[in-house]
Amino acid sequence: MKRIITLTVNGEPVEGAVEPNRTLLSFLREDLGLTGAKHGCGLGDCGACTVILDGKPVNSCLVLAVQADGREVLTIEGLADNGKLHPIQEAFIETGAIQCGFCSPGMILSAKALLDESPKPTETEIRTAISGNLCRCTGYQKIVEAILAAAGTAQGKEVS
Amino acid sequence: MNSFSYTRADDVATALREVAADGAAKFIAGGTNLIDLMKENVERPSRLIDITRLTLGGIRPRSDGGLRLGALATNTDVAYHKEIERRYPLLSKAILAGASPQLRNMATVGGNLLQRTRCCYFYDTATPCNKRTPGVGCSAIAGFNRAHAILGTSAACIASHPSDMCVALAALEAVVRVTGSVGERVVPFAAFHRLPGDTPNIDTNLQADEIITGVDLPARGFAEHHAYLKIRDRASYAFALVSVAAALEMDGNTITEARLALGGVAHKPWRDPQTETMLHGQSATRENFKRVAEALLRDAKGFGRNRFKIELAKLAIVRALSQASFKEAHS
Ligand SMILES: Cc1cc2nc3c(=O)[nH]c(=O)nc-3n(C[C@H](O)[C@H](O)[C@H](O)COP(=O)(O)OP(=O)(O)OC[C@H]3O[C@@H](n4cnc5c(N)ncnc54)[C@H](O)[C@@H]3O)c2cc1C
Ligand code: SF4
Ligand code: FES
Ligand code: FES
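Protein sequence lines, in the order shown, are assigned to chains D and B. Numbering-wise, the first sequence is residues 168 to 327 according to our numbering. Numbering-wise, the second sequence is residues 4 to 334 according to our numbering.
Hint data in this document are derived by calculation from the structure and do not stem from the laboratory. The beta-carbon is built from N, C-alpha and C at its ideal position, and this holds for glycine as well. Take the hints with a grain of salt, since some may be wrong.
[What the hints assert, rightly or not] Straight-line alpha carbon distances no greater than 25 angstroms define the calculated DSS-like cross-link-like pairs of lysine-lysine that follow:
no.: 1; chain 1: D; residue 1: LYS169; chain 2: B; residue 2: LYS29
no.: 2; chain 1: D; residue 1: LYS309; chain 2: D; residue 2: LYS287
no.: 3; chain 1: D; residue 1: LYS287; chain 2: B; residue 2: LYS29
[Stated by the list, open to error] Sample of chain B residues with no beta-carbon within 10 angstroms of chain D, all distances over it, derived:
no.: 4; residue: LEU106
no.: 5; residue: MET109
no.: 6; residue: ALA158
no.: 7; residue: ASP201
The whole structure should be built from the sequences, with the hints applied where relevant.
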């Protein structure tokens, strides 16, 4: 039997009717058309489905949509501000941290959650923060550089 | 995933009533193990009772000087809690050696205790597995068993317990608090998980109508002399082939108390307190560490592909004890 859920997605209130066996990932992608979060492994291994739930990055492939009822979700689509990319997104482009782009939404959200908590992270903290996001293209170095750069550009600015 | 009904419990009594009313119902906390197993059709609950809105979170001091971890405290909450980092760094390190940031943000204390084995045949519903379907046989004993147990196995099952957190909790002698229809009880950590015997379908001594409400940490955290060593195939995303939680009390170079818990080698976190006493009153030398490692593994039995674990476990024990014996633990 479908259940009605109400949640906040990228700052907007959203209501949906979902079967209990739907994942948050499938609700976001198929019902809301937010295809930024990717379906990779579906098992918690790759991090391509990462979204921020109540401030913390989680694997949306292992969260039921009904579990997100009443909570706040941020997806990659919610990061830009009025068409202006977030400094982390800019840094990923400038540093060459995006190749095929499949991992990028998850990577960027993991980076955002890190910078929200620790605006000047060490390289080790960055590597830990993205250790749940697999990238088969870049070899991670450029991604780490991008996040370091974003932490620099974010200096003195509001990172929201 | 099969279809199921879903309810959200607002209090423990309701959660217990609902689980007692339906033998095929299950609690869901972080969901990181249960949803995974449901996707693989290994778990097919008729109903999920969401317990995440119960007030079982938080980490609080206890009057005996210890701490209480709420069953719903996440692995992240526990690992980065200031008092845990300061007084129980062994626990913090063990948690951070496992899973990923995203998983630890969802995974709870209670769910971590009850996570099921990663035996590949348990996950593969096309192969026989006594843990999934009692009596049909174990595919691992003569199969791909590189990750399987070497201690406490039975002819019915050689699965290993996958948790890192539980290995530290075993060394710390934590106590599991549970509530059921007949009231509350406390279960010493060593008595919580069980060996497979001829009922490998039963992982723990928790009853079907009981809920975990929390885990108590005794006052002693072994912060000065501890190590968590996890040996695995890759530095992230891999479960332990062997892990060791070592906790020592020392007077100069003399060991006054030693605790050793092993992960990845048995159906439960492995402790052998009798053998640990071999180290009491001894000095922290490689020779003494080797002797206790030999004794701990004396009854170990390999099944082909996992035979290497016996030697690996001995070496890991020696290394973990060496690390723990330094005041600044490096792990
Ligand atoms: C890709 C991946 C890698 C991982 N790597 C590691 C690793 O390296 N090391 C490690 O230790 N772990 C690892 N894990 C496992 C992870 O730690 C567990 O999945 C997690 O701890 C389970 O907690 P949960 O709250 O999500 O449990 P759930 O999935 O919600 O529940 C698990 C079980 O516990 C029951 N349950 C939950 N809470 C209670 C309660 N309070 N009372 C009674 N029953 C309850 C549920 O009914 C269910 O049967 C990994 C998981 C994944 C998916
Ligand atoms: S080892 Fe245990 S879990 Fe694995 S196949 Fe055998 S019975 Fe099943
Ligand atoms: S799709 Fe969720 S972790 Fe891979
Ligand atoms: S850019 Fe292709 S997976 Fe990371």
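Taking the hints in turn, this is what the structure says about them:
1. D:LYS169 to B:LYS29: holds (19 angstroms)
2. D:LYS309 to D:LYS287: holds (18 angstroms)
3. D:LYS287 to B:LYS29: Not satisfied, since the Cα-Cα distance of roughly 42 angstroms exceeds 25 angstroms.
4. LEU106: violated (6 angstroms)
5. MET109: violated (5 angstroms)
6. ALA158: With a cut-off of 10 angstroms, B:ALA158 remains clear of chain D, as the shortest Cβ separation is near 31 angstroms.
7. ASP201: holds (31 angstroms)
Hint violations for this structure: numbers 3, 4, 5, all remaining hints satisfied.
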